[in-house]
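J.: Given next are the chains, with one letter for each unit.
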Amino acid sequence: MTVASRKIWPWAVAVMALGHASSAENLLPHSDFAGADPQANVEEGWRWDSVRAPSDFALSDDGSVTLTGGKGFLRSPSFPTRQDSALSYVIGADVHGRGAMRIEMIWWNRNRKPASPHVEVALHEHALSEDPQRIEATAHPEGGAVFGQVRFVQSSEDDDGLLVIRSPSVEITERYFEPGLLLLALESRVENENARTVLSKGKSIRGDRAVAPRARCG
Amino acid sequence: MAKPHVRIAVLILLAGMSMNPVTAASRGLNLSELCDWDLVVDRDAVPSEHYAAEEFQQFFKQATGMELPIRHTAEGDGHVYIGPGAALEKSPLGFVMDRTYADDELRIVITADNVAVTGGRPRGVLYGVYQFLEDELGVRFLTAKVTHAPPVPEGTVLEATDRFYNPPLSYRFFLKSEVVDHVDFAVRRRQNGIQPLQIPEHMGGSAPKQFFLHNNMGLHEAGFEQHPEYYTFSGGKRRSSQICPSHPDVRRLVWSDIEKHAPDMRQDHVIALAQNDAAYPCDCPQCSDIRREGESPEVVAQIYSEKACLERFGQPKPLGMTERPVAGPHSVATVDYVNHLAEKLEALRPDLRIGTMAYSDTMMPPRKTRVRDNVIIQFATYHACVLHQYGDPSCRVNRVTAEYLQGWSEVCDNLVMWFYDHNHQDVLSVVPNLHLQAGAIQLFVENNAKGIFTQSTPRNNGFSDLRTYLLTSLHWNPYQDSDALIDEFLAMYYGEAPAKLIRQWLDLVHDGVDRSQHTNIGYQARHIGLDPALGETGLRLFEEAMAKAETPEIRDRIEKVSITAWRLVCEPLFWNACWARMTADAHKVPLADVSFPLTDAERMEQREHYRRLLALCNKYEINQYREGILIDHASEQIRNYLGLGEGEEI
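Top to bottom, those sequences are chains C and H. Under my numbering, residue 220 is the last one in the first sequence; the count climbs by one each step, no gaps. Under my numbering, residue 1383 is the last one in the second sequence; the count climbs by one each step, no gaps.
Quick caveat, the hints were computed from the structure, so don't treat them as lab data. On a predicted model such as this, the values are computed, not experimentally measured, just so you know.
In silico DSSO-like pairs for lysine-lysine, Cα to Cα no more than 27 Å straight-line:
hint: 1; chain 1: H; residue 1: Lys-1077; chain 2: C; residue 2: Lys-115
hint: 2; chain 1: H; residue 1: Lys-1352; chain 2: H; residue 2: Lys-878
hint: 3; chain 1: H; residue 1: Lys-878; chain 2: H; residue 2: Lys-1281
hint: 4; chain 1: C; residue 1: Lys-115; chain 2: H; residue 2: Lys-993
hint: 5; chain 1: H; residue 1: Lys-1101; chain 2: H; residue 2: Lys-1077
hint: 6; chain 1: H; residue 1: Lys-1293; chain 2: H; residue 2: Lys-1352
hint: 7; chain 1: H; residue 1: Lys-1101; chain 2: H; residue 2: Lys-1050
hint: 8; chain 1: H; residue 1: Lys-970; chain 2: C; residue 2: Lys-115
hint: 9; chain 1: H; residue 1: Lys-1077; chain 2: H; residue 2: Lys-1183
Let the hints inform the model, and build the full structure from the sequences given.
T.: This is the structure we're talking about:
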């Protein structure tokens, strides 16, 4: 996780009641899990990996995935980033279950090699409840990240964990900078834009505007 | 000792030689008539053919006293043609250029009027010269320093012949300092894959590398902390010891590396994707599904049930496995992984190949999954029994080893063997398997082995020189008679009289082994029933042999191998000091139950023997008693065992 995202954690991550009202584009392909085969050994697509036994998963006709057991990963197909440090990636999903979950972003560079940083914890260990909730977290890739993937981590100390995921999404919002961090971000932004300008002459550098996170508390 | 004609007969019979009609009716070649002959090597010959002519000239002179001049053209008869060229083409032996030869293939034609030693490039012609020198003149390249080139008796006539030989193992690498530190000797012993030195072009160059080490199957990015899912799932959790070969991200990352570097790789390079030298192969659901090779879980579980494994492999946990392969052989997932990458590689660089290991948990071959043509499987015999022949029905270990090997040969056309010629727990003793090595290598060849890497002892240990001679001979032609090779080496290197005594020692050790035991390459004399008292007999034999040595130098050679007898004599001390405690702890038994009972007088006597052994090791620059472990380490443990005070000499 970046310094900036760690600092904004209290604002950026919020838990709200089922149902979200965003009209922004969902970058996540196949977010309804239709036709997904998370056990298939294919490069793209949803992928389930057992991390600690017992561990299992199931796809439901209602468009949800259930992870059970000690520890397992559900990794999304990849989506392209906008490579703009003034943007936030808001990861959301309707979840319920037992035990705990975590949301991580996996960032890849242009060559599909690990970007730096590669794994960003967007949502730290979160205790699950039987009541369905919409969970959201924010992540901020560095400039070299060209592709992203979401990794849902299900875990349970008692090996009886349960995580039901429905309607996962990744949406882009303008980034909120905490006071004091804005200048640093602007410098970084200008450096990135300068580099981009060299590559595509004639394009102007856009102005920067700090925005507050959208209210998510239900 | 094998007579030259015997060896020729073996070559003709077993190595696919053909007789040209011209030779059958030809007269032989009287060597004494060669005084006005010359060596003809084409001006445009490759460097190794010029070198071949020089090697021929040098050793021919040693054997016959005649120095044949090297020329680039020829008129009339009376020539030894070294390699192809315009002069050979125009000569009566020009027919040898009507076909192409493999890289290491040789052809020797002898007539009364001309001789042709030719073959493939870049090494065939050079090897042809060495073969000629050995077969026709009795030259033997014994060690890097000692070449036996006996004077050829007056009036010796070489039989007319036209024969060729292509070694069945196209890649040959005997890993031993005695070989790899002396490139010229390595080449004379026809080892074409030595490392780390590259064989220079004028000596034929190195064959494309077909030996590779453990490298986590090529995954160098995305560590365990960030991506446990890329690593093996074993015992119910992810572990960093191996990768998960079925994971698509792992495959993508590794392919990305290959794709980046492949354009710069030398022709015919083999890209190593080898498992780590560790247990815990992947049992994740995806790998398990691949390993079932299309069968249902129930069917596979039945095939590898405890009862079935017991019946088929003689033990519930098959040879090499850390666990019973309830979802099928782990090698299937490995092969699936390399096949996937090899298919992509074929489109990018069809000349390159991928190499992977069949070792430990992947020793058991797939039941159905075929290995792609551009994949090499390096089968390691680490778990095989060194006391029995492969396939010996009385040896449950090697019966299974042979079965595994045969299984691999059914799904793979390109096997390279990782073979062993040492005891890594005791490098000072005789390894009592000299009579078994030929049969093992023959079995490799008969099961699609195309190359061999043999790992041996550190410098100077055991019977280093003999084993180097034997194993490199067998690498070249595994169908040679081991006994004859051993006897000729002993006679030529130590002298006829000492050779008999040394041979007696070797036979005593080989006969003294309790063959009801089974062990892989790591054991102590005690494990295989060798009686330390046998060492005393050995010392007497070596004393007698040294007394019969013809020169001080030969006496030293004998003294050097007498270390093998001293080591056996010292077995009670080595065992009690270095191994007994560990064994007692492992088996949870009292130390006395697993120790040699020694009286104080016997301990003193052992101390004296060890002192002598140390002195000999110092004299002959031997510094290890186990592979990679210094003798100083043993001395420290022996000092402790003997209760010696600080600063007190052993």
